[in-house]
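Asks: One-letter residues, chain by chain:
There are 4 protein chains.
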Amino acid sequence: MSTSKVTLPDVGIGDLLPRLKDQGYDTERVSRRRAWIEEKTGATLKHIGSVSFDTEELRGNIENPIGAAQVPMGVAGPVLVHGRHARGMFYIPMATSEGALIRSYERGMVALTRSGGVQTAILADENQIVPTFFFPDVATAAGFSGWIPKNIDAIRTAAETTTRHGKLTDVKCYQTGRQVLVNFGYNTADAQGMNMLVKATDHACKWIQANFPISSYFVFSGMCSEKRPSGFLLTRGKGKRVTAGALLTHEVLKMYLHCTAQELFDIWHSTVIGHLHANAIGYNAQYANGLTAIFIATGQDVANVVNASCGVTNFELQPEGLYVSLTLPALTVATVGGGTGLPTQREALTMMGCHGAGKAKKFAEIVAAAVLGGEISMGAAITTGEFVAAHEHYGRNRPK
Amino acid sequence: MSTSKVTLPDVGIGDLLPRLKDQGYDTERVSRRRAWIEEKTGATLKHIGSVSFDTEELRGNIENPIGAAQVPMGVAGPVLVHGRHARGMFYIPMATSEGALIRSYERGMVALTRSGGVQTAILADENQIVPTFFFPDVATAAGFSGWIPKNIDAIRTAAETTTRHGKLTDVKCYQTGRQVLVNFGYNTADAQGMNMLVKATDHACKWIQANFPISSYFVFSGMCSEKRPSGFLLTRGKGKRVTAGALLTHEVLKMYLHCTAQELFDIWHSTVIGHLHANAIGYNAQYANGLTAIFIATGQDVANVVNASCGVTNFELQPEGLYVSLTLPALTVATVGGGTGLPTQREALTMMGCHGAGKAKKFAEIVAAAVLGGEISMGAAITTGEFVAAHEHYGRNRPK
Amino acid sequence: MSTSKVTLPDVGIGDLLPRLKDQGYDTERVSRRRAWIEEKTGATLKHIGSVSFDTEELRGNIENPIGAAQVPMGVAGPVLVHGRHARGMFYIPMATSEGALIRSYERGMVALTRSGGVQTAILADENQIVPTFFFPDVATAAGFSGWIPKNIDAIRTAAETTTRHGKLTDVKCYQTGRQVLVNFGYNTADAQGMNMLVKATDHACKWIQANFPISSYFVFSGMCSEKRPSGFLLTRGKGKRVTAGALLTHEVLKMYLHCTAQELFDIWHSTVIGHLHANAIGYNAQYANGLTAIFIATGQDVANVVNASCGVTNFELQPEGLYVSLTLPALTVATVGGGTGLPTQREALTMMGCHGAGKAKKFAEIVAAAVLGGEISMGAAITTGEFVAAHEHYGRNRPK
Amino acid sequence: MSTSKVTLPDVGIGDLLPRLKDQGYDTERVSRRRAWIEEKTGATLKHIGSVSFDTEELRGNIENPIGAAQVPMGVAGPVLVHGRHARGMFYIPMATSEGALIRSYERGMVALTRSGGVQTAILADENQIVPTFFFPDVATAAGFSGWIPKNIDAIRTAAETTTRHGKLTDVKCYQTGRQVLVNFGYNTADAQGMNMLVKATDHACKWIQANFPISSYFVFSGMCSEKRPSGFLLTRGKGKRVTAGALLTHEVLKMYLHCTAQELFDIWHSTVIGHLHANAIGYNAQYANGLTAIFIATGQDVANVVNASCGVTNFELQPEGLYVSLTLPALTVATVGGGTGLPTQREALTMMGCHGAGKAKKFAEIVAAAVLGGEISMGAAITTGEFVAAHEHYGRNRPK
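Going down the list, the sequences are from chains D, W, L and F. Numbered continuously in this note's numbering, the first sequence closes out at residue 401. Numbered continuously in this note's numbering, the second sequence closes out at residue 401. Numbered continuously in this note's numbering, the third sequence closes out at residue 401. Numbered continuously in this note's numbering, the fourth sequence closes out at residue 401.
No lab work stands behind these hints: they were computed from the structure. Fair warning: there could be bad hints in the mix.
Which copy? The list can't say, so a pair holds if one copy fits it or any two copies do.
Claimed, not checked - Below, a list of computed lysine-lysine pairs in the DSS-like style, where the Cα atoms sit at most 25 Å apart:
| hint | residue 1 | residue 2 |
| --- | --- | --- |
| 1 | 207 | 41 |
| 2 | 207 | 47 |
| 3 | 168 | 41 |
| 4 | 47 | 255 |
| 5 | 168 | 47 |
| 6 | 173 | 207 |
| 7 | 151 | 22 |
| 8 | 173 | 41 |
| 9 | 173 | 47 |
| 10 | 255 | 173 |
| 11 | 207 | 22 |
| 12 | 41 | 22 |
| 13 | 207 | 151 |
| 14 | 255 | 168 |
| 15 | 168 | 151 |
| 16 | 255 | 151 |
| 17 | 47 | 151 |
| 18 | 168 | 207 |
| 19 | 47 | 22 |
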């Protein structure tokens, strides 16, 4: 073990984590690192070390590995989807430790299915990133803002030389003072795509730098709202923009959700007012619960839940019942790359026929339909008062 | 196996998940449910079924269990914390599948430690929920808005009869038209506390209903911003409001982050402009990455990352280097309840001496310090251009 | 005339405006300044010079005076108000150049009146300002955050020595990193109060600086959202927080607004979705139109329309018709000070019995009721298609 | 006088305003209406009645006219502008009743001029409106979202038949559930253009309705953010998107603003933090003050200040001094139509050579430069403490 130690008289010694051979992904080295941590911290890490697969598979997904978190996984469904890419009945793997969550989603999905299923549509499919360029003054920056649109073809060529799957689909300038934020949009096929985007865009930026006199640039400006909440996400989108909708009949409402269309609408109406007063981004009942559980189960980049949770749910009364829908403009999901190839995650994607190339749009539609199940079930639980009871019943693990 | 089948001529058959005895948490029944899903979907769920502990432990955390997701866990650190509750050197468990993430946080934490460590402080500790009450008109609602403050004591008594740990700390009315949103604040000790809050508040609402003529109420209005992004979170807060700050010296900046104080400040400055243009909530480099990885590892309610990611990072130049800080107003973390008692999660908390009662504030301070490591490392990687290279090197699992 | 001239070889000569004796408020000097501008710019300023009162009255309201803008003033109403402070039938002076605006508000006010009038209530009355204090590190700042609440009395004493009318009602700390934003709330009686606030707060800050070791402070942090749009305004408020509501009966809806309750509700519902997608602050049909016209007519600080326009309008179906309401959390209006004493402005306030001390709450309630008239009339015009026709008919001055 | 009276036993009598011949714009009829109000309210409206021009000129700008508000007008400047459309030295008419405002702007403008002037650029010029279309379900709406882009030419033809000046420049669909918000962008030349837009878009909607089976539509959805604050304005823009920037030299900073570049930067930095915590839209020192004063003086639709005040000001330290800039993405200004042709307003526009056709872009650039003067002067006043003193000195009209 080759730990480097630095003596800091004032603050004590902080031992660096051991740097092991080949970065230490084989079982023995993971084990040694875990033992090192156990010694340092006094913790016993038996379960963390109980990985059911060859730890070499962790390479590329994590550094300084010591094992795995085991997050409870359950299943909700079925949910019937009538999408452009997803068609049929699906069972949804969800990994969570929040009691009552799966029961709630399951109820919603069944209600949607019994009403005839959920229509879905992918409205856009474009991940994006916004590098920023600096100029000595406003006029020079304005010149650049005019130059970019004329050089899209060359910029595209530069970007796409770095990737086989990413396609540059859009470039748009947002000048602010003497700085120009340039929004690059890409189709990233079935990958979440941010690494691909960053690399391609950095290459494009270098081409730009070589062809227009700029002071400097950064490949990130924060404007892309990757893993952060922003109003921009609602209109610009990020990854899949997907919508899902269904007509809940009066009969299904009564039988499965124990409320009337009017009651469910009233909860929507009053909570919209709550969202407006909180200056929330969009409106939802609980996107994050469903998205997080599915993201963990299927090896998505879970931090993307922050952007994916920006959207708008709508409930509309009509004679036949309640039309319920949601729109997720920033659903950054993948069926290849990232954690999607890890053992349990690949299995979970396979449950929905969504592992591998050509499946991301299908997966996005299934996710949207599943999350819609949570929206209606949550709303119903509040209006009927079952919310408190359900958490009493299912969530027994909390401190009394 | 007692599945109920409903034949829907138009939409095909959607088999309900099997309802098993005692809800099916023992190993054999989890196994049967998994087999049922394998048969329905054609997937093989071998790794999902490889749970290292008794599946009865899943009860209260999930329904319809089929096993567990194994999420890669690594360690970053050390990070030296000078807090009010956390004091010393910590190693941080992080569960993620995003290559390069841990290496980036590790670098940042080491830089903070080598600069003398991170000061932290809990500024507030109050989770909240906002029921909403309905009245026939604006004047009656205004009467209620005036009545509530005079009856705080009785409301508190009603709320606290339902909980041993929750303390009602604040009640504030936000009238909007003829609806009155009433913000309840609670100290929830070491639990995340939402279930506790909902139950206590519902009880308080029933007392209110019995003592003031109201049309109706809902225990949720959405205003509390649980698991959703909102501006309200920044000022109202949710759970722990925590801040962390450190002075990075010129020498540490050069040696560990490969940039100057000015360069790191410049990236802050330019990305603040990006955030403003995106109408983001607050400003951060990548809170969600660190928070999500720690939340998964330690059994937090991961969906809370959405609210926890609303905060503000600040970088300030000064003669000795760069003062870096962050403020997380809505860090809803727990060391008891929820998923914190699950096997791998308890182990991860124990690594930081943070499992069990009396540890939540300590944990919140460690989280804030750890996340600050990510803020500076991310900024540095962008300014030096290492960001692209690091993802090339560590994140090898994406499609080429 | 004592103009100072500076020769700038590169950029030409920019003559400074003439500095006249006693700052030049008497008629002759205003005239000379106007003539100077006419000579410089070639414009004829005959009408601007046609002020109907002694120009010495402009002192304190403007510098470098050349006369007055004449903004068309009309009247809308009547609107019947059942408030806590305003009770009775009012005619509303509105100054605007937007054709059809007054006709639209008039229609709405009459509909409200014919439905039985508008209930109003002042829910809070507190203008605020947020100075910010700087500290060397997070821990010291946290000490300050704890020190402030213990010294409220002394801070109040310091603040109130500077003002006869302002009362310090609230002090609350928002620490962010090593900076502490301190929100001061004041009751400013019948004045808009910002000048009063700034002076009192600056005095309090000086007392704080003398009693706690702080690095420095600024009396403004921008957080108060004076004249800027923010989510904070919705919950914190600014000046008068006022609500207004009325039940529009089916008969009145049909006769005056030419639509049904359902149709008017549908326009609310669909435009809420539009607001959510735009990430708007709150929701309204057109607060700014009514507020601006009344603010100009009555000598308010018109720039405050920006904060005053942040609010929430709600429409709710009920058997008897449509309950319509609005809540304006940041209505910074005055009946003394600022432009309220100018000749035409004083006359306009007098039309509503709202000039002078003790009238600001009454005025705020009238404004809220009047603006509610615009909300319903605008909504109705869209649903019936009359919006286009009305602007064709009344707004004839635009380019064909 | 033909007033109609309605007796309402319960609520008293609310007399309708007199409907006079030809809507009552001639002097005698305006006088009669004013007398009617005087009688009703007991107010004397002498100054409101002192209009210096033929009241027939009010037709098209207002209904129920009783005269005019006289708003104090002063002049600030000079400001040297190096724009694409505005070039030269300008004096800015400002109508306000806020003491010290003009002196503050004047100081800023002179500082900018002495530093060599302000560069400006129009980055976009497109007003927009967002009708919304309703469909029975998500799938049908998705079909519509795909149909629209294929029919742009026919939609443009339909829209442009109604206007000689408006050009349809962009159509973009934002589907949300089963509702499709369609963003129409127009070049409106020198008019503010909303009336033109509404009429043209309504015509286009009728064409769409005749060619695609839609349930119904509304010409407004609120998404366009006309006269309301939203994040969408920052990226979508509204009217002129304009930027202005200048390098303030150390010498000018010291002489005119009494502070150093570092001090002025520090106030920017700390107030950005305040804006972020308030969840403000963008960042500014006081756009609304300058915009409102210029809008009133020049006959703009003053309510548009709400959207026009959404923008971002940036201060950047550099060796030679401080680079200051602002970006106003939603500056809806006009030099024809609306109130621009009224007597005092036309005179004010003429002072800047901005009255009539072909002048709107020039005017927008001048406005941006002038408002930048306020940004730096406000910042300087806070950092030096002169803010309190200036309001003491110039704003003497407030209650003591």
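Asks: Against each hint, give a clear statement of whether it holds in the structure.
Replies: The hints, checked one at a time:
no., hint, in the structure
1, 207 - 41, "neither (45 Å within a copy, 50 Å between copies)"
2, 207 - 47, "neither (48 Å within a copy, 47 Å between copies)"
3, 168 - 41, "neither (48 Å within a copy, 37 Å between copies)"
4, 47 - 255, "neither (48 Å within a copy, 39 Å between copies)"
5, 168 - 47, "neither (45 Å within a copy, 36 Å between copies)"
6, 173 - 207, "within (17 Å within a copy, 31 Å between copies)"
7, 151 - 22, "neither (50 Å within a copy, 57 Å between copies)"
8, 173 - 41, "neither (51 Å within a copy, 42 Å between copies)"
9, 173 - 47, "neither (52 Å within a copy, 47 Å between copies)"
10, 255 - 173, "neither (49 Å within a copy, 35 Å between copies)"
11, 207 - 22, "neither (35 Å within a copy, 61 Å between copies)"
12, 41 - 22, "within (20 Å within a copy, 44 Å between copies)"
13, 207 - 151, "within (17 Å within a copy, 36 Å between copies)"
14, 255 - 168, "neither (48 Å within a copy, 37 Å between copies)"
15, 168 - 151, "both (18 Å within a copy, 22 Å between copies)"
16, 255 - 151, "neither (59 Å within a copy, 40 Å between copies)"
17, 47 - 151, "neither (60 Å within a copy, 49 Å between copies)"
18, 168 - 207, "within (18 Å within a copy, 37 Å between copies)"
19, 47 - 22, "within (23 Å within a copy, 30 Å between copies)"
Consistency with the previously given hints fails for numbers 1, 2, 3, 4, 5, 7, 8, 9, 10, 11, 14, 16, 17, ordered from lowest to highest.
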